[in-house]
Amino acid sequence: MSVTISIEHAIKKYGNLTVIPDLSVKIANGEFFTLLGPSGCGKTTLLRMIAGFNSIEGGSFRFNDKEINNVEPGKRGIGMVFQNYAIFPNLTVRKNVEFGLKYRNMPKDQMRQEADKFMKLVHVDDYADRMPEQLSGGQQQRIALARALVIEPDVLLMDEPLSNLDAKLRVEMRTIIKRIQHEVGITTVYVTHDQEEAMAISDRIAVMKDGVIHHCGKPENIYQRPADVFVATFIGKTNLITGQMSEEKGQACITVCGSYRLPFHTIRPDAVGHKEVTLSIRPEEFKVWRAGETAEGLKAIVRDSVFLGPNTHYFAQLESGEEVEIIQESEIDSIIQPGSSIVLTINAGKVNVFDKETSLSLMTGVKNSVELPEVGI
Amino acid sequence: MSTQKARFDIWSVVSLCLLALFLFFLVYPIGRLLIEAVYTDGIFSLDAFQEFFSKSYYYVSIFNSVKIALVVTVFSLLIGIPFSYFYSFYRLKGRKVLLILCLLCTMSAPFIGAYAWILLLGNSGLITKFIASLGLPTVSIYGFGGIVFVQVLKLFPLIVIYMNGAFRDIDNSLLEAAESMGCKGLDRFQRVTMALTMPTILAGALLVFMRSFADFGTPALIGRGYSTFPVLIYNQFLGENGSNYHFAAATSVIAVVVTAVIFIIQKVATSHFKFTINSLHPIDPKKPQGVGGFLMHGFCYVLVGVAMLPQLYIVNMSFRNYNNTILQPGYSLKNYQKAMQKLLTRSISNTLLISVITLAIIVVIAVLIAYLVVRRSNVLNHTIDTISMLPYIMPGAVIGISLILAFSRKPLAFTGTIGIMVIALAIRRMPFTSRSATAAMMKIPISIEEAALSLGAPRLSAFVKITVPMMGSGIISGAVLSFVSIITEMSSGVILYNNRTITLTLSTYAAIVNGTYGVAAVFATITMALTVLCLIVYLHFTDLDNVRM
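As you go down the protein sequences, you meet chains U and S in turn. First residue of the first sequence: 1205, per my numbering; consecutive thereafter. First residue of the second sequence: 161, per my numbering; consecutive thereafter.
Accuracy of the hints is not assured; some may be wrong.
[Claimed, not checked] Derived pair list, reagent style BS3-like, types lysine-lysine, alpha-carbon separation capped at 25 Å:
id	chain 1	residue 1	chain 2	residue 2
1	U	LYS1441	U	LYS1453
2	U	LYS1571	U	LYS1230
3	S	LYS625	U	LYS1279
4	U	LYS1382	U	LYS1324
5	S	LYS603	S	LYS570
6	U	LYS1413	U	LYS1560
7	U	LYS1306	U	LYS1230
8	S	LYS256	S	LYS447
9	U	LYS1299	S	LYS227
10	S	LYS427	S	LYS227
11	U	LYS1554	U	LYS1422
12	U	LYS1312	S	LYS256
13	U	LYS1299	S	LYS447
14	U	LYS1306	S	LYS625
15	U	LYS1324	U	LYS1372
[Stated by the list, open to error] Example chain U residues on the side facing chain S (calculated, C-beta under 7 Å, incomplete):
id	residue
16	PRO1277
17	ILE1282
18	MET1284
19	PHE1286
20	ASN1288
21	ALA1290
22	PHE1292
23	ASN1294
24	PHE1303
25	TYR1307
26	PRO1311
27	ILE1355
If you're looking for bench data, these hints aren't it; they were derived computationally from the structure. Where a beta carbon is used, it is the ideal one built from N, C-alpha and C, also for glycine.
Take these sequences, add in the hints, and give me the full structure.
Next comes the structure, spelled out in structure tokens:
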């Protein structure tokens, strides 16, 4: 039976150091929820509070309506997958998978059946009687997954499960994890610092920094309409450029580099006004023109170019001195040489604008909520 | 990590039980020792200390002990470091055999070497007679020189074992980097190799000092008036006018102060060398060549040969015909028959019984302490850990006296039982076993245990089913070493034993003192056979390159 997780006003302290000051979030039944953030942001700490390996200094953690603050980890109904797999090296694959069942008074035959079922699910049934040291990292991680799922937990917790695997295997494994989670339909909390992995795998993501959730929402919304400057820079690459917002007949206009002025239709009506803003422009949101091809735009000089097959990256310096990175689809024999003058135009529909003072988003369409998602998953 | 609001679970109970055990069997005896030292007839008085420092016979014995221990430490380093260097940096012929023999030397009972050297270099020893027959001046094994000689041969392998570990941890790139900057040869050995191994050198030196300082058997047998403090304590205890506990206690306190000072000096010195090496490219031993290679082989083989000589000679002597101390021609099993009459079976069964019980106790306690220190780091558990380390600076004789003082009166009358021998040995070995268990514990990632807990295993069952098996080989090899030291233990036992609780080493000592040399050789041979057996078991569980003491 899968559950809804509600965390209200959670506090975590190590001695005098407060790691999580006040965190609330609700995770829906059957949802694949990811805690994403740089190292030290408190994501693993939060996961371990849910698991019961870290003490809870304040707030309440509930699975459905049951508070679990003081329940032993083994009695919370969790299945956990660890960063280093934590496969028992002294037990065979089968014994590893059966380990948790032994504490559930299950008859031997049924135990075997259950273990077989889950070993098959993760495709390790061929290695049932091997010792873990004979298996690869990917196989060990799948055993860990089977071991966590076989006890039919209410919640599956995964702590950076793919970070010890090589890049190719990581991509493979995240598909497998996503598929199995979907098949089993279990509420899952997943921790990672890899934003691409988080996007690929999650129903919803909470982007954390310093123990605070900065943005909680669907992957595409977090990427396209980040709630603040931190989220914009942490998810994907972006260029931050200072601009000046002004109002013309109720319509927002932003001037960049003194001369390039363009209207914005995506600013929240209540946010329109005269103020300094920060524009977050992703490298692919620029369009490059050779000098003379267009009059309106940001003048820049190419400093360096990197050819990466389908795309070419340019590093350019604006007139204001700010450095920007640009990604363009590669064309035949048309790499712009360093030193060339170019003009950049901006796709204003996609660009995000933040208040320079508060670094919060001024855009419409930001969906940031720690409450349960409106539509069922 | 500061965990929980001190959540009370099964491990809190374990902590409290351990604390109670240590308070009762270690802290309480030490307390009794201190009280005995400063009270005369119920009145506080420092008269024993006054007397100690007023008679040269007394204070010289401490001075002698320190002098011997220091000289032994220096010589052990001078011999052990080159030996280990040759072993680690060159592919010597038969290097495994060399190391195994080294291990055997240091594992053998402490005074067997001394006894054998009496047979070889004593007044009527084999070599003495041979030299005399050539008309050359003979050397004496008795006194200061002899004690140092015997102890160095017994203790230098400890340095070798420590240094092998340190040399293996050196990253070859560091040496290559030094060479690329023009630092070569002896200069490099001094500035890079030695500097990198300094913490280990200091650790090894401390261990050798403590062993030498506390050794009772060697000075007792070949001291011949060169008084050392363990012998002094023993004599106070077995004085002609009855036991002088008061004075023995005061002497013990002084001895512990000395070892504590040495311990602190060593810790301070070590704190200057705090660094960790991440060894990605271990040293690749070279093939020794030319004259240098010949000399290296010569050095190592002669050294091990001399160190092994007494062991082999003892075995030989156990089959020789003796009339008390007088050697008779011919070989037979007469000594073994005599030994049978002299409590041989009782000694063996006592030895095995005591060792097995002690081992079981210390392994369980050491594993629990390791767990508490590594996983439940709090004030209480660190206190337990610190208390368990106290015996490291307490010579065996001091532990013996403390236990007698604490447990010879009703209702705690354990003296004269197997029980008190077990307690003494468990206390003696605790620091070493708990260190090796802690090291093994540190290597186990905490997530393994959390995995077990998250799957519903109760705490104790996660520990027994997962953690302990993973510590497995580390615990076993540590335990075998402890087993050997328990079998060959002497200095605390000699104060605590009686006819019923006599062990192999004590029987050997008694036989030597009684002048039945052949019988002594039998006891020594059997002790050695047990040691060899343990060494074989040990090597079964431990890779020769990972030997740690």
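Results of checking the hints against the structure:
1. LYS1441(U) x LYS1453(U): violated (34 Å)
2. LYS1571(U) x LYS1230(U): holds (15 Å)
3. LYS625(S) x LYS1279(U): holds (19 Å)
4. LYS1382(U) x LYS1324(U): holds (16 Å)
5. LYS603(S) x LYS570(S): Roughly 45 Å between the alpha carbons, so the hint for LYS603(S) and LYS570(S) is violated.
6. LYS1413(U) x LYS1560(U): Status holds; Cα separation ~19 Å.
7. LYS1306(U) x LYS1230(U): Status violated; Cα separation ~32 Å.
8. LYS256(S) x LYS447(S): Given pair LYS256(S), LYS447(S) holds - Cα atoms ~15 Å apart, limit 25 Å.
9. LYS1299(U) x LYS227(S): Distance ~59 Å between LYS1299(U) and LYS227(S) Cα, so the pair is violated.
10. LYS427(S) x LYS227(S): Given that 25 Å is the threshold and the Cα spacing comes to 20 Å, the pair holds.
11. LYS1554(U) x LYS1422(U): Holds, because 17 Å separates the two Cα atoms, which is no more than 25 Å.
12. LYS1312(U) x LYS256(S): violated (48 Å)
13. LYS1299(U) x LYS447(S): Measuring from Cα to Cα gives roughly 47 Å; hence the hint is violated.
14. LYS1306(U) x LYS625(S): Cα-Cα ~12 Å, so holds.
15. LYS1324(U) x LYS1372(U): holds (22 Å)
16. PRO1277: holds (5 Å)
17. ILE1282: holds (6 Å)
18. MET1284: With Cβ-Cβ at 4 Å, under 7 Å, it holds.
19. PHE1286: holds (4 Å)
20. ASN1288: holds (6 Å)
21. ALA1290: Interface hint status for ALA1290(U): holds (4 Å vs cutoff 7 Å).
22. PHE1292: holds (5 Å)
23. ASN1294: Where the cut-off is 7 Å and the nearest Cβ of chain S is about 4 Å from ASN1294(U), the hint holds.
24. PHE1303: holds (5 Å)
25. TYR1307: Given a least distance of 4 Å, the restraint on TYR1307(U) holds.
26. PRO1311: This interface hint is violated because 17 Å lies over the 7 Å limit.
27. ILE1355: holds (6 Å)
Violated hints, in rising order: 1, 5, 7, 9, 12, 13 and 26; the structure is consistent with all others.
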